[in-house]
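Visitor: What follows is the residue order along each chain.
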Amino acid sequence: MNLKQLEKNTAAVMFQTGLVEIGIGLSEVVTSLAMIFDDISYYIDIFLVVPIIFLILAIRYIVIPRMGIVKLARKRMRRNTWFIVTVTVFLVIMVILTITGKDHSNAVPVNGRLIITGIIFFICTTIAYFLNFKRMYLYAFLFAGAFNLTEEIRKNPGIISDGAYVYLIMSFLLITIGCIYLIRFLKKYPLPEKISYDKEN
Amino acid sequence: MIKKTNSENQQVEIDKLIHEPARLKIIAQLYVVESADFLFLMRQTGLSQGNVSGHLSKLEDAAYVEIKKGYIGKRPQTIISLTKKGRESFKNYIKNMRELFDDLDE
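Line by line, the protein sequences are chains S and R.
Quick note on numbering that gives the first Met the number 0: the first sequence kicks off at 0 and runs consecutively.
Quick note on numbering that gives the first Met the number 0: the second sequence kicks off at 0 and runs consecutively.
Negatives, chain R to chain S, calculated, CB over 12 Å:
hint	residue
1	ILE13
2	ASP14
3	LYS15
4	LEU16
5	ALA62
6	THR82
7	LYS84
8	ASN95
9	GLU98
10	ASP101
Within a straight-line C-alpha distance of at most 25 Å, the following computed DSS-like cross-link-like pairs (lysine-lysine) qualify:
hint	chain 1	residue 1	chain 2	residue 2
11	R	LYS83	R	LYS67
12	R	LYS83	S	LYS70
13	S	LYS3	R	LYS84
14	R	LYS90	S	LYS70
15	R	LYS24	S	LYS7
16	R	LYS90	R	LYS67
17	R	LYS24	S	LYS186
18	S	LYS193	R	LYS73
19	S	LYS74	R	LYS94
20	R	LYS15	S	LYS3
21	R	LYS83	R	LYS24
22	S	LYS193	R	LYS57
23	R	LYS24	S	LYS187
24	R	LYS24	R	LYS84
25	R	LYS90	S	LYS3
26	S	LYS70	R	LYS57
27	S	LYS133	S	LYS186
From the structure, some residues in chain R lie toward chain S, with a derived Cβ separation under 10 Å:
hint	residue
28	LEU23
29	LYS24
30	ALA27
31	GLN28
32	TYR30
33	VAL31
34	SER34
35	ALA35
36	ASP36
37	LEU40
38	MET41
39	GLN43
40	GLN48
The set of hints was computed from the structure by calculation and includes no laboratory data.
Note that the structure is a prediction, hence the values are computed from the model and not measured.
A virtual CB, placed ideally from N, CA and C, is assigned to each residue, including glycine.
So that you can see chain S by itself, here it is in the shape it has in the complex (with noise of 0.2 Å):
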């Protein structure tokens, strides 16, 4: 019994539920929708609330009369909060470079794109490390890719006509992901009866 490896399960187990891709998918599909219909992006932006507000209901709804409650030890809270800073600081970063790369004209330099794909690759292994959130490691590849072939695209405007569908691609992808590991928790974790400590049993 390995109980640094029980531990990192524990904590890894709301990652079974795809959740997490589903919410990064809807958060890309807003910012995408955002880039490409430009006139009205202020307005669409506003949908950003939609992930949030889902994976909540989900979570509330969905996981915990499955799957029960934890408290994780305050060691690993602590840990969590740090990444939950870290990747939200990671998604204000792409929502900001996808609503200012808006402009063809600005992409970004080779340096640059170098120095982003690099953090894109640090943040995300990190937090699959940290985390025990392995799949985080292929979807490195994934934004780190998407980012540049969007700034492929960007510097050869007319072969398609915006680099925002790669995101729309990949969030669709990811989307898909999410749901086909939710469809498996959902098999493997019914709803149970009533379920209760029953101390005479």
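Following the hints, position chain R against chain S.
Guide: Coordinates of chain R only, in the frame set by chain S:
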């Protein structure tokens, strides 16, 4: 308690309450978290409701776990956590088991 001797012929006490496989799973799971509800414990240990209830009763009687019952809306909720005595006992159990196998040739 089960008493065994290590290589130096010292008696090593193994806590039989923890040593039972199902209870060991339950206590190990509770050891790595601050608290968990009954359903989570069931899911993570793979034990049935009756099984978990039975073992928790024994652990509660020995004051190894603390059990708090409440409600979330209309749904009953039972939160379980290891007591200080439970954590110390588990640490001692791990230490004693390690001592027991330390000198074993592979």
